[in-house]
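There are 6 protein chains.
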Amino acid sequence: MSKTFPGWEQLSSALLADVLDGLGHRHSALPPCVRPLKPGYKICGPAATLACMPVAADPARPYEAEMACIDQLKPGELLVVGTAGDRSCALWGELLSTSARVRGAVGVVMDGLTRDASRILDMDFPVWAAGFSPLDSRGRLDGVAHGVPVRLGDCVVRPGDWVFADIDGVACVPADLADEAFRRAFDKNRGENRVRDELAKGRPLREVFAEYGIL
Amino acid sequence: MSKTFPGWEQLSSALLADVLDGLGHRHSALPPCVRPLKPGYKICGPAATLACMPVAADPARPYEAEMACIDQLKPGELLVVGTAGDRSCALWGELLSTSARVRGAVGVVMDGLTRDASRILDMDFPVWAAGFSPLDSRGRLDGVAHGVPVRLGDCVVRPGDWVFADIDGVACVPADLADEAFRRAFDKNRGENRVRDELAKGRPLREVFAEYGIL
Amino acid sequence: MSKTFPGWEQLSSALLADVLDGLGHRHSALPPCVRPLKPGYKICGPAATLACMPVAADPARPYEAEMACIDQLKPGELLVVGTAGDRSCALWGELLSTSARVRGAVGVVMDGLTRDASRILDMDFPVWAAGFSPLDSRGRLDGVAHGVPVRLGDCVVRPGDWVFADIDGVACVPADLADEAFRRAFDKNRGENRVRDELAKGRPLREVFAEYGIL
Amino acid sequence: MSKTFPGWEQLSSALLADVLDGLGHRHSALPPCVRPLKPGYKICGPAATLACMPVAADPARPYEAEMACIDQLKPGELLVVGTAGDRSCALWGELLSTSARVRGAVGVVMDGLTRDASRILDMDFPVWAAGFSPLDSRGRLDGVAHGVPVRLGDCVVRPGDWVFADIDGVACVPADLADEAFRRAFDKNRGENRVRDELAKGRPLREVFAEYGIL
Amino acid sequence: MSKTFPGWEQLSSALLADVLDGLGHRHSALPPCVRPLKPGYKICGPAATLACMPVAADPARPYEAEMACIDQLKPGELLVVGTAGDRSCALWGELLSTSARVRGAVGVVMDGLTRDASRILDMDFPVWAAGFSPLDSRGRLDGVAHGVPVRLGDCVVRPGDWVFADIDGVACVPADLADEAFRRAFDKNRGENRVRDELAKGRPLREVFAEYGIL
Amino acid sequence: MSKTFPGWEQLSSALLADVLDGLGHRHSALPPCVRPLKPGYKICGPAATLACMPVAADPARPYEAEMACIDQLKPGELLVVGTAGDRSCALWGELLSTSARVRGAVGVVMDGLTRDASRILDMDFPVWAAGFSPLDSRGRLDGVAHGVPVRLGDCVVRPGDWVFADIDGVACVPADLADEAFRRAFDKNRGENRVRDELAKGRPLREVFAEYGIL
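Going line by line, the protein sequences match chains A, B, C, D, E and F. My numbering applies: residue 1214 is where the first sequence begins, and numbers increase by one. My numbering applies: residue 1214 is where the second sequence begins, and numbers increase by one. My numbering applies: residue 1214 is where the third sequence begins, and numbers increase by one. My numbering applies: residue 1214 is where the fourth sequence begins, and numbers increase by one. My numbering applies: residue 1214 is where the fifth sequence begins, and numbers increase by one. My numbering applies: residue 1214 is where the sixth sequence begins, and numbers increase by one.
If you are wondering where the hints come from, they were derived from the structure by calculation, not from laboratory data. Please note: incorrect hints may appear among the correct ones.
One copy or any two copies: either way a pair holds, since identical chains are not told apart in the list.
[As the list claims (entries may be wrong)] Straight-line C-alpha distance at most 30 Å; calculated DSS-like pairs for lysine-lysine:
1) K1216 - K1414
2) K1251 - K1414
3) K1251 - K1401
4) K1414 - K1401
Isolated chain A, as found in the complex (with noise of 0.2 Å):
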């Protein structure tokens, strides 16, 4: 997955999202619960994914699919995980964000929440989770499948799909709309700027509306 799309820090998640509807591809969003642990965060790969679900008891094999999701990652993958909005206790932590890291990761967002939330902001991991707990995942939410389509919400997530995360929160894009979208998101920029240039000059909304088309 060498692929890249250079200067994407230009971009936003919130440009990607208008690209997308523009493609037809409405849920393209992670639930607005899905934060950045700094607001400067900003992070965009392919998807790596992980299904979680709750458990009741200690597995047998605690952690497996947690361990061997990350034991995989490849550079510059972006893991998402889904946890069915658990909310019973941190599914991510330090020492995963170590591991993750070393392997070359670029992140990880989530639907659940994390922990060990200052030493990761401490190594400057970039995590997006929908709050914090300090209990552990084991006998409570366990890693079921990697590898997988995940539902965050009503916004689905393929492995080799294209995540981007930000302050605004997360945009995914589909694997097969990735060039065209990045390419439609670059101009959209352009034009934005000329939008926002017409507005500082105090030109009504209406009339740059009408001009560019672009709001």
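Starting from the known structure of chain A, fit chains B, C, D, E and F onto it as the hints suggest.
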């Protein structure tokens, strides 16, 4: 699993929850969203379990775990399905009910949704669910494992635990407490009958509670 | 509290809420989660109140406030129980119903859960609750005070306010507005009967509303 | 809109949702909170739509959009009301039901609350709602437009789409898929009848599913 | 709307809410989900209002009401946007911020989501919102009217009401109470300073509260 | 309560929750909505407790239990306030913080809202809360008792239990487990340091977990 508790029909989920409180087991009830299709339903049996998780795509072998679980149900068993509180689709329906009944299952309780409610009511097969949806589970929610402990809310159910479901909800009696719990529940039932008679005569609650220690 | 409003059975919680809107009192309804055990129940009476709070341990004197409150209920009173929306257990049950009924209470409304629903229905004692649980309140939820104002959602109920509960929910009429509110409700009831007749003939809503000012 | 689908009463919202899944249209169901006033209700018809929003004051012309919408209902239409999930008051009631029925509407579905449930049940007018409130909509929730697309949860309903409501909830069939969807639903219904017979004989789910591909 | 309350920067939303309580106006705060993009933001001004609702399709004239509203903002105004608590998309963003700022608006508060948070923070334009989403409002949420009363949670805001937003949230002062409320808030501020000094010396709360009547 | 656990600053709520899991005490964390005002706060101390409940009117003696509780705080204590998850107002504020600090309390954790956040941050007094509101508690939420067990979510806190609050949330160590739990937590901390070093070298998670049994 040929054991039964003769006369269980006189008991209630509330009586069992009370004696489990007394035995120090206080997380004995499924979440209150789990409701019977018909108020009069009352079932009791050892648990068979099925764990499900949200999915994002048609699995390679759809319904695999559900079918394996139901095809192995034994007479008298009560199926408990954990869905992580899914509301995206109906895990249960008429055809699964038909198959569960023909194997002798006494009913099913789940923290997700059901469908085909009209036909299930016609069959008079007792189902407790968190609501209804016309949407099939395929590509939305999938069985992951059966015969494993499941957690519904903060209540853990293990295969072989005794489950009692009625209009007040669902109580789960851990297998190793079952003999003692049912014995105490029959006792408490007799005590409550006496208390009810005293109260119906108009004696103050305080006086009757002081005398019987039951409320 | 011997006052009554003869003919109240023709009225509804909706009619009373409407006239209270007209009197500038717009927070007149308990939260919509408060539902009758049986759709046909309809009760009206001056409020007796009980305030409860979540607890974490068996109180020194369990059920103390509940028992004091119920032992002092007067004929015709309608018990309103505030639980801060508790869903952890059932505050109400059969034995409390037995005692409340024997004192002449007309029914109970609460924003928490009930149990023993089967026997309460057998007694035909009108209960409105937010749901059901097998779990007892002991060590989970405890009465704190009775005869004090209680708040359920954004509706305040003071002892002596008039409460009207039916299939649409529960309206609360402040004591000092009661005479005027009931008088206007009887009037509005007559007006609605005329409007219904006009509409049933097929006259347009706009026309009828323009004429009668009632919808 | 004189088209009908003769024999629709044999179908169900679940059958239609299934065939829509097969046609790639997966957001076909209203949120599960939308429930029938009576479990036995089953209606089907082309949608008329009304969009509402929360308001903070008596509008200049109260009920304007509601009245315009209902006064224009055509025989056979099924009214779909979007309220943005409002729980602050009842949008629907007896007088609107009276007027909708007299115009020939087959029923109404909404993601908000209703009132006058007792009288609506007496009229036997089929209503699906998210619950009940005694509070009128005036100054709380107001019609904004009718005859426009509405969104209830993640399901979009456009005027003229076919809506099917029963005990399992509400499925919405986009107008341009309706012929194909109903044709397939009748087919699938026949298939399910065969599957049910096989399962009732005790054949394993896996075997029957392998043979018929239906579950 | 040239009036101002000089020295308002010393006040807080809490002080204003307190004096409004004392004036009998107790629904003075927006829901607690409405949070500032930066904790240090503090703004105050007369309200301009915009009401939005969920939509299901691209409107004929997208952004019409939003653009009309913002193009008419006057210097010093504070824009209040009601979205019925929408979480499906971002109503607000960078370009609207640019335009609002150029017209002299002091900031915006809304019960929906924003996006472009990074650039809005760069502009240092004060925004209070219920969260973030990359998704545009087009075809999801639409402006319906501006210059009308709006309701956010149980707080009504009318055009011209005085809105005060800070780290604790947002208080809304009805226009006709504004003079009295601000006067009392300045007074209470002085009283609290004295109380704080007494408490910091170690005097018991009970003693100080008995003396000053402020807590 | 002069006992301390020297070196506790090296620990974390996560470490304590882990060792409590190992001791069979799995409900050790306050709900994840309880968040620190500043991410860097970390406090530890024996619990003083205050129980609150929603009220509907100015109590006869406002703030009575709050004042009694705070006036009796002892140096080193950590105040735990249970509000039944109230979101209607702010229980905590600057003046209470001033008084708690002057008595030597190390901080406060609560499942309700706070206000005066700006001044509390200026004082640098550590507060964990579920959010913010400008509204005072008077007539909305009232202290009922102090020095009693309180329940926040499914976590029970008794006076004298050891509470540890940091960026990941709040862990509560029952008094009778405290010596053992802190001893184990210091041990586990050393183990995690070794595991982190191994992982940072690039060794697979599975291998390191197999060797150390820590993740």
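Structure-based check of each hint:
1. K1216 - K1414: Between copies only: 27 Å across chains, 40 Å inside a chain, cut-off 30 Å.
2. K1251 - K1414: Intra 33 Å, inter 26 Å, cutoff 30 Å: inter-copy only.
3. K1251 - K1401: both (26 Å within a copy, 28 Å between copies)
4. K1414 - K1401: within (20 Å within a copy, 43 Å between copies)
In the structure shown, no violation is registered for any of the earlier numbered hints.
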